[in-house]
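S.K.: Take the sequences, apply the hints, and build the full model.
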Amino acid sequence: MQEITVHQLDAELAEQLPARELMNCCWGRQSGPSTYQTNVASQGNTTQFGLVNVNASNDQVNLLAFGNSNGGISQFNGS
Amino acid sequence: MSSALMTTPQAATTAEEQPLRAPRRTWPQLLEGTALLGRFAGSGLREPPYLVRRHDGQIVQLSPLLYAIASCMDGRQLPDIATAATDLLGLRVSPDLIAHAATQKLAPLGLVAYPDGSEPRLEALNPLLALRFRAGIIPAGAVNAVAGVLRVLFVPGVMVAALGALLTCDVWLATAHGIGAGVRTIIHSPTLGLALFGLLILSMAFHECGHAAACRYGGARPGRIGVGIYLVFPAFYTDVTDSYRLSRGGRLRTDLGGVYFNALVALAAAGAYFATGYEPLLVVTVTQQALLVDQFVPWLRLDGYHIISDLIGVSDLFARIKPVVLSLVPGRPLDRRVAELKPWARAAVSIWVISTVAVLTAALAMIVVSAPGYLRQAWHSLMLQLHGVALGVTTGNVIAVIAGVIGAFMLVLPVAGMTLTYLMLCRRMGASLATRSVRVDLTLASPRPDDAPAPGPAPTVG
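Those sequence lines, one after another, are chains A and B. To convert, take the position in the first sequence, counting from 1, and add 7; that gives the working numbering. To convert, take the position in the second sequence, counting from 1, and add 726; that gives the working numbering.
Everything labelled a hint here was simulated from the structure, so no lab data went into it. One or more hints might be untrue.
Unchecked claim - Here are a few chain B residues that sit away from chain A, every Cβ distance over 10 Å (derived from the structure): (1) HIS781; (2) VAL875; (3) GLY883.
What the hints assert, rightly or not - Just the calculated beta-carbon pair ranges, DEER-fashion: (4) A:GLU10 x B:THR1087: 45 to 53 Å; (5) B:PRO841 x A:ALA18: 17 to 25 Å; (6) B:ASP813 x A:ALA18: 18 to 26 Å; (7) A:ALA18 x B:TYR1148: 37 to 45 Å.
Claimed, not checked - Below, computed lysine to any residue pairings styled on SDA-like, alpha-carbon distance capped at 20 Å: (8) B:LYS1048 x A:GLU22; (9) B:LYS1048 x A:PRO25; (10) B:LYS1068 x A:GLU19; (11) B:LYS1068 x A:ALA18; (12) B:LYS1048 x A:GLN23; (13) B:LYS1048 x A:LEU24; (14) B:LYS1068 x A:LEU24; (15) B:LYS1068 x A:GLU22.
Here the structure is a predicted model, which means the values were calculated and not measured. Each residue gets a CB set at the ideal place from its N, CA and C atoms; glycine is no exception.
M.R.: Structure follows, in structure tokens:
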């Protein structure tokens, strides 16, 4: 009968697996008016959509989104 | 070896827990609370590993040979373990080899004690890009109770009906109704904004209940639900480590349980709209589905990552980034973590690694480039929020104060998170460089190969 050696044994797989922690966070895509993150906190004409800050006045809405393609701020007309 | 294991009743079952015999303090013996779970189902490895759950709930994977040896450590004396392992494997295993396996392989992983009776300090791994600063908010017992009730939502008939109804609602929204009226209402109503914020938090917690319920539906036991910081964002999490024991389908159901519950929230909001006619509810329906889609991103440890991982059958893809990248260098020997993969699994892991490196590098560059502009605008917005808070305090407007504080918090959070992530990255790199430096010192201090004695034959124990 074949014998198992120490070298063979030392090469065998034995490792701890990482804990399976399933996460859910508002990481958000960073392009355009990604205001789907509805954690909205409004104050006067300024509204916070998660990591996106919205400032509305005269039918104009300023968006501040982290990593926005034009340097962090974009505008669009809101009605 | 594998075939010998597979024919034994104890190991042949996939992920069925084998209770240990009553403990009698002999050495080596599996520690109390340790459970043999059987073969890892749907593995992408050439030789599928076997799973053992430690008494702290963490999972260890072993080769078939080590698993067979461990399965014999049930309170028998050392020579008896060797005899049993020999019979099980069809290979001669000496008592000295059993002692070596216990001391060098199983004790460091917390499966058996060391010969002197001491036990290793058990810790969960701290993998790359994992959740940080965890805090449990719902204990495992309560999570199991809730999951036990909610698991009925995974009955196939219920799922088909719910998803079909949501699809119908989406078609109606996209082709006939829209959400413009709801968005206008929300922008002009600060109180409604706060209510939606609360609803988002609740739906995130419900998402986690979906993972827990799916885990329970499959036959595994979910752990606690908690909160933590992922990169720079606050996150909920559910500990479903026990779902390693499930089949591939069971693990995928657990991964998808969260987004399925998001879909249920979206459907409930649509149902509430049809009952009341209140337009902002339709915005909730749409935003919940947008959140759902985001979870499928595979390059961060979100649900999409776990789905990919379970489809391939490889447990920690991030740990294989370096070996896979190095394996792409011509002439370099394959790392064990690459060589052990089945050919199709290796191809799939390589595609994931290349896309992940590309995406994360681009994201990092984008953050660096946009950081100055973001910080400038964030500071301006922060001043606006604080001004609003001060105004709210002066006029006694509680809603304005709460909204301002939340707004300010959300502006400060990414900056604080970025700083923390940067510091942790520096710390990890510093530790890595220090370790490498010690290795170099040891190499220089050790005798050169031509000074060393000629190697003898490979030692054989027994």
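S.K.: Each hint should be assessed against the structure and marked as holding or not.
M.R.: Comparing the hints with the structure gives:
Every beta carbon of chain A lies more than 10 Å from that of B:HIS781, the smallest distance being close to 13 Å; the non-interface claim holds. With 10 Å as the threshold on Cβ separation, the claim that B:VAL875 sits away from chain A holds: the shortest Cβ distance comes to roughly 19 Å. The beta carbon of B:GLY883 sits about 25 Å from the closest Cβ of chain A, which is more than 10 Å, so the claim that it is off the interface holds. The supplied range of 45 to 53 Å is met by A:GLU10 and B:THR1087, whose beta-carbon atoms lie about 50 Å from each other.
A hinted range of 17 to 25 Å holds for the C-beta pair B:PRO841 and A:ALA18, which are about 23 Å apart. For B:ASP813 and A:ALA18, the Cβ-Cβ distance of about 23 Å falls inside the hinted range of 18 to 26 Å, so the restraint holds. The beta-carbon spacing between A:ALA18 and B:TYR1148, approximately 39 Å, falls within the hinted interval of 37 to 45 Å. Straight-line distance between C-alpha atoms of B:LYS1048 and A:GLU22 comes to about 18 Å, which keeps the hinted pair within the 20 Å bound.
Our distance criterion of 20 Å between C-alpha atoms is met by B:LYS1048 and A:PRO25, whose separation comes to about 17 Å. At roughly 17 Å between alpha-carbon atoms, B:LYS1068 and A:GLU19 fall within 20 Å of each other, so this suggested pair holds. Distance hint between B:LYS1068 and A:ALA18 is fulfilled; the C-alpha atoms sit about 18 Å from each other, no more than 20 Å. Restraint check for B:LYS1048 and A:GLN23: the C-alpha separation of about 18 Å stays at or below 20 Å, so the hint holds.
For the hint pairing B:LYS1048 with A:LEU24, the CA-to-CA distance comes to about 17 Å; that is within 20 Å, so the pair holds. With a C-alpha separation of about 19 Å, the suggested pair B:LYS1068 and A:LEU24 falls inside the 20 Å cut-off, and the hint holds. The suggested pairing of B:LYS1068 with A:GLU22 holds, with an alpha-carbon distance near 19 Å, which does not exceed 20 Å.
In the structure shown, no violation is registered for any of the earlier numbered hints.
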